[in-house]
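A.B. asks: The chain contents come next:
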Amino acid sequence: MVSQPDPLEQLISAHLAGEQVEVPATRRAEFEQALAAHAALQQLLTVAPSSYPEIASTDPLPPDVSARFEIQRELGRGGMGVVYLARQRSLDRPVALKVLRPGKRELGPTLERFREEAQHLAHLRHPHIVSIHEVGDAGGEPYFTMDFIDGEPLSATIARGPLPPSRAIDVLKQIAVAIQHAHRHGIIHRDLKPGNVLLDQSGHAFVTDFGLARNISRESTLTQSGELLGTPQYMAPEQARGDSSLIGESTDLHALGLLLFEMLTGRPAFASSSPADVLVKLLHETPPSLRSLDRRIPRDLDTICQKLLEKSPAARYANVSALLEDVRRYEKGEPLIARRAGSVARATRWARRHWKIAATALVTALVALAIIPPLFDRSYEELVQWGNEELASGHADTAARVYDRAWQIATQQQRRELVGSIVLACRDMEDAKAAVDLALQVFEFVPDTSFGRYDYLIAQALVARQRAQSPSGAIDIWSDKPTDDLQLVKSRLELALTEKLTPQQRHDAQQTLAAINMVLSRSKPTGRQPVPPLDELPNGSMQELETALQDESLAIWSRARAGIALGRRLEEEHRTAEAAAAYRHAYDLARTVYPVYEGVKAAMGSRVDRSDVPDAGECLLVRDLVTSLHRLSPDTFALPQGSITFEVVGFQLPPSIGIDLSLQLCAPDVQNPHQELPYSLPRLVPLRQDIPVRVGVLDGTYRLECRGNHRRADGDAQRLSRLIQIDLQDWPTQIEIHGNAVQLPPVRLRLAEDIPLISPGLSTAMDLNKDIFKWEPIAKATSYQVQLLYTTETPSPNKSYFLTVTTDQPQLRLADLSPAQQDSIRENLVAGRTGGWHVDAFDEANRCIGTSLQEGQFLVASELDTR
Amino acid sequence: MGSPRLDRRKRLEIEVRSVGVEPESTTKVLWRRARDGDPAAYEQLFSLHVDRLLVFVRARLGSGLREKVEPEDVLQDAYVAAIKSFASFEYTDDGAFLRWMCRIIDNRLRDAHDHFSAKKRQEVVLPRSAPTGPVTALGRVERRQEIATALLQLSPEHREVLLLRYFEGMTAEEAGQRMSRSPGAIRNLAARALIELGRQLSTQKDTN
Numbered sequence: 001m002v003s004q005p006d007p008l009e010q011l012i013s014a015h016l017a018g019e020q021v022e023v024p025a026t027r028r029a030e031f032e033q034a035l036a037a038h039a040a041l042q043q044l045l046t047v048a049p050s051s052y053p054e055i056a057s058t059d060p061l062p063p064d065v066s067a068r069f070e071i072q073r074e075l076g077r078g079g080m081g082v083v084y085l086a087r088q089r090s091l092d093r094p095v096a097l098k099v100l101r102p103g104k105r106e107l108g109p110t111l112e113r114f115r116e117e118a119q120h121l122a123h124l125r126h127p128h129i130v131s132i133h134e135v136g137d138a139g140g141e142p143y144f145t146m147d148f149i150d151g152e153p154l155s156a157t158i159a160r161g162p163l164p165p166s167r168a169i170d171v172l173k174q175i176a177v178a179i180q181h182a183h184r185h186g187i188i189h190r191d192l193k194p195g196n197v198l199l200d201q202s203g204h205a206f207v208t209d210f211g212l213a214r215n216i217s218r219e220s221t222l223t224q225s226g227e228l229l230g231t232p233q234y235m236a237p238e239q240a241r242g243d244s245s246l247i248g249e250s251t252d253l254h255a256l257g258l259l260l261f262e263m264l265t266g267r268p269a270f271a272s273s274s275p276a277d278v279l280v281k282l283l284h285e286t287p288p289s290l291r292s293l294d295r296r297i298p299r300d301l302d303t304i305c306q307k308l309l310e311k312s313p314a315a316r317y318a319n320v321s322a323l324l325e326d327v328r329r330y331e332k333g334e335p336l337i338a339r340r341a342g343s344v345a346r347a348t349r350w351a352r353r354h355w356k357i358a359a360t361a362l363v364t365a366l367v368a369l370a371i372i373p374p375l376f377d378r379s380y381e382e383l384v385q386w387g388n389e390e391l392a393s394g395h396a397d398t399a400a401r402v403y404d405r406a407w408q409i410a411t412q413q414q415r416r417e418l419v420g421s422i423v424l425a426c427r428d429m430e431d432a433k434a435a436v437d438l439a440l441q442v443f444e445f446v447p448d449t450s451f452g453r454y455d456y457l458i459a460q461a462l463v464a465r466q467r468a469q470s471p472s473g474a475i476d477i478w479s480d481k482p483t484d485d486l487q488l489v490k491s492r493l494e495l496a497l498t499e500k501l502t503p504q505q506r507h508d509a510q511q512t513l514a515a516i517n518m519v520l521s522r523s524k525p526t527g528r529q530p531v532p533p534l535d536e537l538p539n540g541s542m543q544e545l546e547t548a549l550q551d552e553s554l555a556i557w558s559r560a561r562a563g564i565a566l567g568r569r570l571e572e573e574h575r576t577a578e579a580a581a582a583y584r585h586a587y588d589l590a591r592t593v594y595p596v597y598e599g600v601k602a603a604m605g606s607r608v609d610r611s612d613v614p615d616a617g618e619c620l621l622v623r624d625l626v627t628s629l630h631r632l633s634p635d636t637f638a639l640p641q642g643s644i645t646f647e648v649v650g651f652q653l654p655p656s657i658g659i660d661l662s663l664q665l666c667a668p669d670v671q672n673p674h675q676e677l678p679y680s681l682p683r684l685v686p687l688r689q690d691i692p693v694r695v696g697v698l699d700g701t702y703r704l705e706c707r708g709n710h711r712r713a714d715g716d717a718q719r720l721s722r723l724i725q726i727d728l729q730d731w732p733t734q735i736e737i738h739g740n741a742v743q744l745p746p747v748r749l750r751l752a753e754d755i756p757l758i759s760p761g762l763s764t765a766m767d768l769n770k771d772i773f774k775w776e777p778i779a780k781a782t783s784y785q786v787q788l789l790y791t792t793e794t795p796s797p798n799k800s801y802f803l804t805v806t807t808d809q810p811q812l813r814l815a816d817l818s819p820a821q822q823d824s825i826r827e828n829l830v831a832g833r834t835g836g837w838h839v840d841a842f843d844e845a846n847r848c849i850g851t852s853l854q855e856g857q858f859l860v861a862s863e864l865d866t867r
Numbered sequence: 001m002g003s004p005r006l007d008r009r010k011r012l013e014i015e016v017r018s019v020g021v022e023p024e025s026t027t028k029v030l031w032r033r034a035r036d037g038d039p040a041a042y043e044q045l046f047s048l049h050v051d052r053l054l055v056f057v058r059a060r061l062g063s064g065l066r067e068k069v070e071p072e073d074v075l076q077d078a079y080v081a082a083i084k085s086f087a088s089f090e091y092t093d094d095g096a097f098l099r100w101m102c103r104i105i106d107n108r109l110r111d112a113h114d115h116f117s118a119k120k121r122q123e124v125v126l127p128r129s130a131p132t133g134p135v136t137a138l139g140r141v142e143r144r145q146e147i148a149t150a151l152l153q154l155s156p157e158h159r160e161v162l163l164l165r166y167f168e169g170m171t172a173e174e175a176g177q178r179m180s181r182s183p184g185a186i187r188n189l190a191a192r193a194l195i196e197l198g199r200q201l202s203t204q205k206d207t208n
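Just so you know, the sequences run in chain order A and B.
Each residue of the first sequence is one higher than the one before, starting from 1 at the first, in my numbering.
Each residue of the second sequence is one higher than the one before, starting from 1 at the first, in my numbering.
Take these hints with a grain of salt, some might be off.
[What the hints assert, rightly or not] Computed cross-link-like contacts, DSSO-like style, restricted to lysine-lysine with a CA-CA straight-line distance of at most 27 Å:
no.: 1; chain 1: B; residue 1: K84; chain 2: B; residue 2: K28
no.: 2; chain 1: A; residue 1: K799; chain 2: A; residue 2: K481
no.: 3; chain 1: A; residue 1: K770; chain 2: A; residue 2: K799
no.: 4; chain 1: A; residue 1: K500; chain 2: A; residue 2: K311
no.: 5; chain 1: A; residue 1: K481; chain 2: B; residue 2: K84
no.: 6; chain 1: B; residue 1: K84; chain 2: A; residue 2: K281
no.: 7; chain 1: A; residue 1: K799; chain 2: B; residue 2: K84
no.: 8; chain 1: A; residue 1: K601; chain 2: A; residue 2: K281
no.: 9; chain 1: A; residue 1: K500; chain 2: A; residue 2: K799
Hints were generated in silico from the structure; no laboratory data involved.
Quantities reported herein were computed from a predicted structural model and do not represent experimental measurements.
Same shape as in the complex, but just chain B:
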């Protein structure tokens, strides 16, 4: 008897940014290869971003959904979804893939329904990024964890504004539409969130 459930399909918008002419970056090379049908390149492209995406997913899930949804599940789902719509991804700059993935994740989380009840999920093995060398890799991983933890300490709207602006690469106008605020208010909110994030990060440093 339930009324049909109508999903709100938000359009994936890819922000086009112009970039200067530079030697081809790894991201671009991988994107080109993946676009030409090399599955290994897609996996590498994904694995290059997987840790960053995990930071995003953790923060995006916040504390509400966290017990019910495993970040890994979300990532798996997005990974598969992104393979399917990879053709619609346009490389514009090195951050574009990450922003695109973040938006996919965000979209999927928002109309997720029951996709993420963990018990139902089919196992998809994700390509992982391996640490490069002992020193740099360790530093990088620690830094990521610091930021992920700090993001979780923020208030929901501070976290939201940083996720939208930084991870999803939204303009203040776009973020404003999402959060029902004026672009000016978004800029101030983002600044306030940065202050809080900075405070969290420096507190962590002190306790370490």
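Bound conformation, chain A alone:
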């Protein structure tokens, strides 16, 4: 393989290494060409040290702006644009000039709306509002000019420490009157935060970026969600939930509460390193009391702040005027309008949330069976009235059945009227599965309405639906697109998180929410954890390597690597005999866990032409080791010749599908050759049908294990490839290699049948006590194995297989299983989880002859009861 290097190559590499070389005239042209190529590559890769023109070109100032304004300096920049201090030539006054530069993303129609909005805002004049002078457009890039405030943002002031209460109230009042003015003009700020309040030298406060964020941000839930979700710190709960119908004056009041909190304490009310955490806190946690952070803060200020930060918009001050009134009372020492939420109020709040848990359970089951026949000959009106009566007398489940029937025959208009009653019925229903099924039919009419204690199940049912649509069967942060549906699931989950949940349920929901947030945002985790490669040699002193080689607590493979490293070092110092001993020790160790020197490939994904790629690094390391040993002691150590070979017969693989055998060889007394290693040593052998497969194996006696197979397929072949079975029944479990090629029986490829799953259907809500798993029977099958699993997001999809059940019937009822199996089901299939299942069929010879390509998914609506 190694060809004699062309002298020209040596000349070039010597030249590039900085040596003086003589190039024969005959080769000079080629030499120059190569150097030109070198220079071209260098030049391509070199970024000019001062490429400001390149930077500037991404930030050009619109030319006619430059004609009318003299740019003096940059004041700041953010995701949406750059703000400059400029002098308006015509009036000779300083202005702040903001060029919208939406991060090079296309704004499209938003631009038009932005202009309209900005022109509208230009009419907003108030001593505490930064006025917009003019809105313009230069070369497609909108800009506007506004008052230049010579000062700093409130965020900068706060960064130096909390403000004294009197100063905080002073600033709050100025901001509040500005907001009040805007509200009177029908404008909601929506993005009020310390960064949007400017304080000038004399302490005057100015509110800026008024309403501008609105149009942009509405569009942004899709295009810029990363940024929006990245900083939910200053959102109101209704904003975080995306509940646009609730956004209004009270949204700004919440923001004022956050401002007050931060001014008084120097820290945000809802602080956390992760945006998802902030969101959860914002939605579900009461901020700490101001006085718990600083006893010097007056109690009444705490009350005002709490009132502003109420989760429900309706519970906050009715408007800014009411806030200003309480601020006035505070300053005069009069009693506030906002009473503190005392213990009585808290108890009421608690009771409101939980009383239904103790609700009655007696009536419904008896009635339910009897009512089905008369449902079908009633008119819509009769049904609704009947349902109302049942609901009024406390028979929610019966009412639900009646309403359900009414819903089927209702017009769209009638449905809109009926949905309220159905929600009420759902909340009180006893039958969880029925409640969820009903709620799923109607909830789109009332996307934000709570179904009480079933909110969790409903949210998880929607999650299950999403999972059923995803190729990975989970909320797949890499492949899923941010859809409106996902947004809906998100708000339902957030709603559900306000309910009383078990820690397990809360955990699941939060993980799913985190995954959804990642789909909705643009930032994805890389999923790359640095794991030291197993084919690298350890560093360290010779002493350390020697110690590692001898250390029996280490993985055998790690010791072998230490031995190889030690051998190399000794060899460098020409201590040949010692080097040979170290290699020999390494060889004896490596042989017991990884006696493969050829033919095993690294796991490299779904390429089908894998058999051409180099051997796995570990394999090469072994080959390198024996080569070194042979070099140092040619008389006593021969290069290995041994191998196992086999043919692949049977089902002809189409070119789009490749298949690997996972082959494990180790010394008979070694239980697990991968023990203590961060991941398993490579053991995939690509199967080829054109020539016999050969795997080079060192001499010795080994346990031979095949741990299944690994399929590689393109696109649509992916599903089909799961049907391919490899028959290895007649392979030996132990082999001996002594410099020879051991011929193994042929590997037979075979296609199994697809087992269609009958019920439950995809993402159905399931009552584990009653519902039965069913699938199509397979001819000649003597047994079926049902694997049960559930899906979680952590945040990447994770499927946990927890139970395999064997049965000879093409169906399974969980309630018939053994107590131990039922315990496992109760533990893993908890209410709200997305369960999954698939089935394999086996014949008499215990060969897999059928497998379900589709993975069944269902929502656990009712857990398995304890017997």
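Knowing the structure of chain A, use the given hints to seat chain B on it.
C.D. replies: Chain B only, in chain A's frame:
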């Protein structure tokens, strides 16, 4: 029934090279700003390199994967991945960012699995580099295309050695480990590849 797939996570190694004291370069300024949390600077840093990275991606994909994977997708993926691990990037010299990005791309391509089946990818809008001025920019773009085309004409191993040595900034030893060759063999291979590349480039010039 498939055995769990085990990814080989190759460590990202950043080569440390010492440099003399110089006035701060654009790359360094942008890196510092980006490190301090300025997203605009990160975008500028990226856009400064995007064309060069595209050359790398095209060449790295070679002809095998090309039909299945769009270079833009690879770039998007690396862009997002790099944002996430930006904290681990150390500025050592002006070429460091490019080498770092190339290695990320290389790593991601090697254990890509199905990340790059184009239909699944979520759209990420990449910052683009804009040509500076009419003359210089045009020249530069043409030159890049020339080199990209020439790289694709090379044999896979010639291309590989140039990508590893020049784009990823590997030493002959590192490249040798990757390509299962001795460092000396790598140097000769690289020289041979340069000869071929030079030939391709001059052929292009002639045909133009």
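A.B. asks: For every hint, state whether the structure bears it out.
C.D. replies: Structure-based check of all given hints:
{"no.": "1", "hint": "B:K84 to B:K28", "result": "holds (19 Å)"}
{"no.": "2", "hint": "A:K799 to A:K481", "result": "holds (21 Å)"}
{"no.": "3", "hint": "A:K770 to A:K799", "result": "holds (24 Å)"}
{"no.": "4", "hint": "A:K500 to A:K311", "result": "holds (17 Å)"}
{"no.": "5", "hint": "A:K481 to B:K84", "result": "holds (20 Å)"}
{"no.": "6", "hint": "B:K84 to A:K281", "result": "holds (24 Å)"}
{"no.": "7", "hint": "A:K799 to B:K84", "result": "holds (25 Å)"}
{"no.": "8", "hint": "A:K601 to A:K281", "result": "violated (48 Å)"}
{"no.": "9", "hint": "A:K500 to A:K799", "result": "holds (26 Å)"}
The structure is inconsistent with hint 8 alone, although it conforms to all the rest.
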